[in-house]
Amino acid sequence: MKISVKVFGRYKDIAGKETIQIDITDGNTIQDVINAFVKLYPAAQNDKNRMMATKNKMFSSYDMTVTQNDEITLAPPVVSGG
Amino acid sequence: MGKDRYRRQILVKQFGLKGQKQLASKHAVLIGGGGLGSNSANILIRMGIGSIDIIDYDTIDRTNLHRTSVFSEKDIGKYKAIVLKERLQSVNTDVQVKAINKKITSKNIDSLLIHADVIVDGTDNIPLRLLINTIAIQQNIPWVYAGVYETVGMVMAILPKKTACFHCITQNIPIPKSKEIPVLGSLPATIAAIQCNETIKVLLGKQPAGLLIYDVWNQCFDKLDIQRNPNCPICGK
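Going line by line, the protein sequences match chains U and A. Going by the working numbering, the first sequence opens with residue 33, and the numbers climb by one from there. Going by the working numbering, the second sequence opens with residue 15, and the numbers climb by one from there.
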């Protein structure tokens, strides 16, 4: 099944769109969504372990499972310079 | 409060004389007086915040100059907090500006924040922001996170127990080890301005916007709606 993932920041540029479709299967996690995103768009590879993910408007750890009806977003990592 | 100084700002219908008076009654604590902090202090003092404490223990380095409009070459080697106070106090003598030339630690942070109506983030690392977040939540003080990296800036106003906190958006994410963070010179002023917008709105009781992400290189401005995590160890129930 396919899940819609809304992307933010430079990921929109990388993907060329605001929402992408990613194939998932039962039991897949946010980590699987990130892996699939990076495979589709290798330019995001450097952020792979620090990407900000939300599930249903709440920050999500990478081990949370996803289902087709979940609202998933991916955003660049929190920045820390001053 | 000199009304004439703020006449053009008071004309802004969303702000008005009421907003100006409210702002003049508020106390901000700014932590960090570098690229972001110096620009934010400049804006808040010019706009008419009532009082501001500027906390920084560091000195001005040549590498700071590309991303701030406040410091100059003759300031190199001087303490940031002291220079900011001297320079910005002369911009607006109605504002009580205090320089606190100290390093923030878990031992002194409580006393430094106790009278704050808002905390303005001018820091440059995640661990200090997590400490600020914890104390802000404990003391019920709103704070406004801002950060920059390369061409990307982020801002999020945090209302304790009402919005997502900084821990809510950083949990489980490894802390970057890079010591020298790349920053486009024009970015901190841009992000500081957005941070000050959020700060003013918080002080005037307006609902914050969420996590704002601005990539100046790719010209994309996003607002990410992140809700509180009820299981957050810092702000959760």
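Since the hints were derived computationally from the structure, they do not count as laboratory data. Note that the structure is a prediction, hence the values are computed from the model and not measured. Errors might be hidden in some of the hints.
[As the list claims (entries may be wrong)] Each computed DSS-like pair below joins lysine-lysine, with the alpha-carbon atoms no more than 30 Å apart:
id	chain 1	residue 1	chain 2	residue 2
1	U	K44	A	K32
2	A	K193	U	K80
3	A	K32	A	K193
4	U	K89	A	K175
5	A	K176	U	K38
6	U	K87	A	K32
7	U	K34	A	K32
8	A	K191	U	K80
9	U	K38	A	K32
Cross-check of the supplied hints:
no., hint, result
1, K44/U <-> K32/A, "40 Å, violated"
2, K193/A <-> K80/U, "20 Å, holds"
3, K32/A <-> K193/A, "44 Å, violated"
4, K89/U <-> K175/A, "16 Å, holds"
5, K176/A <-> K38/U, "25 Å, holds"
6, K87/U <-> K32/A, "40 Å, violated"
7, K34/U <-> K32/A, "51 Å, violated"
8, K191/A <-> K80/U, "16 Å, holds"
9, K38/U <-> K32/A, "40 Å, violated"
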